[in-house]
Amino acid sequence: MSNMKFDDYLVKNKFPLFWCGGCGNGNVLGAIVRAFEELQLDRKNTVVVTGIGCWGKADDYINTNAFHGTHGRALAFATGIKLANPELKVLVLMGDGDGATIGGNHLIHAARRNVDLTAIVVNNLNYGMTGGQYSGTTPEASYTSTSPYGHIEQGFDLCKLVEGAGAPYVARGSVYNIVQLQKLIVEALNKKGFSFVEAIAPCPTHFGRRNGMKTGPKMLNWIKENSVNIKQAEKLSPEEREKKFVLGKFVDRDKEDYSTKYEKIFAIAENAE
Amino acid sequence: MEQNRRIRFIQGNEAIAEGAIAAGARFYAGYPITPSSEVAEVSSVRLPQVGGLYVQMEDEIGSIAAIIGASVAGKKSYTATSGPGFSLMQENLGVAVMAEVPCVIIDVQRSGPSTGLATKPAQGDVMQSRWGTHGDHGIIVISPSSVQDCYDLTIQAFNLSEKYRTPVIFLADEIVGHMREKAVLWEPSPDQIINRKKPTCDPKDYKPFKPDEDGIAPLAAYGSEYVFRVSGSTHDETGFANSKPDNADRFIRHYTDKIEKNKKDIVILRRFNLEDAEYAIVTFGCSTRSALEAMKIARNMGKKVGVLQLVTLWPFADDGVRELCRKVKGVVVPEMNLGQVIREVKRVNENNIPIVGVNKVNSEAITPFEILAGIEEVER
Amino acid sequence: MKERWEIILSGVGGQGLIVSGSILGEAATIYENKNATLTSSYGTETRGTFTKSDIIISDGDIYYPEVMKEDAVLALAQVAYNRYVGSLDEEAVLIYDSGLVEDVKASRAKQLGFPITDIARELGNPAVANIVALGIIVKLTGVVSPEAVVKAIEGRFIKKPRVVELNTKAFNRGMELVKD
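Chains as they are written, first to last, in the numbering used here: chain A, 1 to 273; chain B, 1 to 380; chain C, 1 to 180.
Calculated from the structure, these hints are not laboratory results.
Predicted model only: the values in this text are computed from it and were never measured.
Note that beta-carbon positions come from the ideal geometry of N, C-alpha and C, so glycine has one too.
Wrong hints could be hidden among the right ones.
[Claimed, not checked] Using 27 Å as the maximum straight-line C-alpha spacing, the simulated DSSO-like pairs for lysine-lysine come out as follows: (1) Lys2/C / Lys303/B; (2) Lys327/B / Lys264/B; (3) Lys244/B / Lys14/A.
[What the hints assert, rightly or not] Computed, partial: chain B to chain C, Cβ under 8 Å: (4) Met179; (5) Lys182; (6) Leu185; (7) Ser290; (8) Leu292.
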């Protein structure tokens with residue numbers, strides 16, 4: 001196979017990107033295809049699975065196999081794809097509404113089941129495509145198109161959730177620190193078992209506009225100011241910590257993945273009556 | 001010969017799982033629900049014995065998603081459920097239609113709506129199986145009336161699914177699913193099994209939604225030489241999203257046409273004593289058995305009664321039923337619902353002959369005597 | 001020879017009536033090339049409530065799979081006995097467990113009581129009461145041959161010789177209970 005460059009993984013005739021100015025999705029897309037280049041992934045053997053939402057459009061720009069399913073169900077489609085052919089490299093791209101709100105049940109069960117998938121949730125803290133309503137990760141007290149008086153629910157800490165569900169690899173990066181994000185995506189793709197990367201991303205069009213950050217740079221700056229690494233986070237009080245995006249790798253443990261375990265089932269079943 | 005034919009006394013649900021495996025299915029994803037759970041249990045035992053995979057998902061939404069994914073990755077796949085789970089599957093059933101993904105969904109009908117009576121039979125999902133997912137589309141729905149049917153017709157369901165690149169719904173019911181009966185499990189020969197067409201073109205030229213002359217596009221598998229995309233969004237031949245009106249029009253018509261225009265190949269009808277019949281019972285699923293018993297009793301009484309069994313419920317056998325309505329003096333339609341199939345029968349009743357429904361929703365099977373009463377009613 | 005037999009096995013959940021019904025069905029279909037159906041009705045609970053299985057065995061096709069006119073009814077519980085004792089006609093036989101059915105009533109049907117569960121206990125396991133009862137039914141009706149039932153028991157428990165032995169013993173004991 002010839003050496004693949006990052007733009008060999010892109011569907012350039014679909015450019016320009018569909019996303020708004022200042023959106024973080026393009027940055028995450030860049031990190032993903034550069035990770036592909038770094039790993040020299042075989043296009044034929046790679047499947048990108050997406051759900052519905054702004055980030056769900058990402059597969060339009062990626063030049064591998066793709067499956068564009070329904071809102072919230074990308075992980076379930078991906079589970080079938082991977083288990084049917086464990087040789088495939090399966091990458092699942094979801095937003096916070098898609099992957100962690102309507103699809104939250106699939107997220108925790110995919111982590112528990114430990115199917116060898118890499119899930120990347122771009123968390124822009126609200127539903128972008130439908131007009132900026134609150135999602136399962138919208139921070140308390142922030143404003144969205146459906147929390148006009150301030151949000152009274154608490155948002156998920158997705159990394160804690162997925163860690164609790166048993167995933168062997170859990171990390172959070174942000175669009176502000178794209179080098180780190182790319183490194184985490186590479187690690188996640190290399191990890192055998194369910195790997196999860198959350199990418200904190202700006203949505204100036206909706207979330208930013210309603211929370212005093214109308215432009216991309218303003219929102220990026222807000223993400224930067226509110227981000228701490230794991231070491232710094234340890235020094236914060238629980239109350240202070242809750243308000244921050246803690247970036248870094250939380251879990252990296254070895255666990256036998258589903259398909260490997262199922263290989264043993266074949267042997268047992270063959271000898272059963 | 002003995003090796004290729006096993007006589008078993010088993011439940012319909014067990015025969016469905018055996019039929020799926022005989023058809024070449026090697027992937028099951030599902031969520032347990034009465035009265036379909038034996039399909040899951042038998043599949044969990046049998047699939048790994050033949051190199052297949054059983055996975056229990058977190059819900060029915062995930063179950064149908066997983067079998068669709070598995071099918072695009074190259075495995076014949078199926079799931080089994082009942083009313084509440086079938087309701088949850090409707091959105092992703094549309095994905096299988098839109099992305100033209102072969103798969104088989106088994107709905108062992110129970111009494112509804114909602115949780116209803118979980119262990120009791122009904123035939124109330126006829127219209128849901130046709131129109132449950134939103135948007136226009138064609139669909140193939142097959143309804144078994146015996147344990148042997150559960151085996152034979154499951155194989156047929158997979159064959160049609162593969163041939164027409166479409167989800168097929170196997171609409172069983174609690175009576176047939178749980179009944180134990182003799183079934184001959186025969187080993188299909190390779191020419192009795194249909195596998196989806198694979199592309200043969202240069203991988204660069206492959207368009208996963210470009211139909212051949214027969215109207216059906218070849219489907220590659222992920223991991224092959226062919227790199228491709230499928231989508232539940234309105235797409236063009238390449239699988240990329242496409243919002244142009246003429247494209248949407250063409251594809252939405254295609255989803256209906258590829259089924260409706262192949263009715264001759266798809267629809268299975270069974271005719272019993274219709275040659276000289278003056279009155280006919282049009283029936284399907286478990287009610288077929290009551291209808292045949294009623295026919296037997298009526299014939300013993302000297303009444304010329306015949307039975308038309310709709311093995312294929314959808315696409316509806318317009319021609320077969322229309323022809324019947326031209327020939328007989330009256331029709332009785334027994335169904336364990338308040339009248340779903342009878343609407344279709346009336347739709348093609350050009351001569352306005354009397355058509356009477358025998359409808360029962362108390363969770364008990366329709367008895368032959370209730371159908372005989374229906375025949376007396378049309379005789380009047 | 002009767003063309004169609006309609007038999008009801010009734011009792012409470014957990015008595016293994018579906019198993020004995022299945023063995024009867026297997027004997028008829030697999031070993032005697034007849035047709036048979038078995039339908040069961042039960043509550044959502046697995047144990048303790050009234051259950052019944054309808055078995056139809058015929059040389060011809062079987063359409064309606066529920067019993068329309070009983071030839072034989074087995075009642076392994078008072079609740080089951082009560083349900084049938086009044087409704088059967090003189091051509092039917094009602095077989096009941098005399099150890100479990102205490103309140104015996106008048107019936108148009110021929111009634112035969114046997115200490116079925118007590119005998120199963122004597123054989124070492126009350127769980128084979130269903131198979132003792134199967135022996136009684138087969139001897140009384142001749143619906144299938146005893147050899148076919150034994151083959152069905154062997155086929156079902158092929159990897160468990162001790163289970164085959166106990167069940168065969170229970171079946172034969174049931175046959176012996178019926179006087180020629």
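Here's how the hints hold up against the structure:
{"no.": "1", "hint": "Lys2/C / Lys303/B", "verdict": "holds (25 Å)"}
{"no.": "2", "hint": "Lys327/B / Lys264/B", "verdict": "holds (21 Å)"}
{"no.": "3", "hint": "Lys244/B / Lys14/A", "verdict": "holds (15 Å)"}
{"no.": "4", "hint": "Met179", "verdict": "holds (5 Å)"}
{"no.": "5", "hint": "Lys182", "verdict": "holds (4 Å)"}
{"no.": "6", "hint": "Leu185", "verdict": "violated (12 Å)"}
{"no.": "7", "hint": "Ser290", "verdict": "holds (5 Å)"}
{"no.": "8", "hint": "Leu292", "verdict": "holds (4 Å)"}
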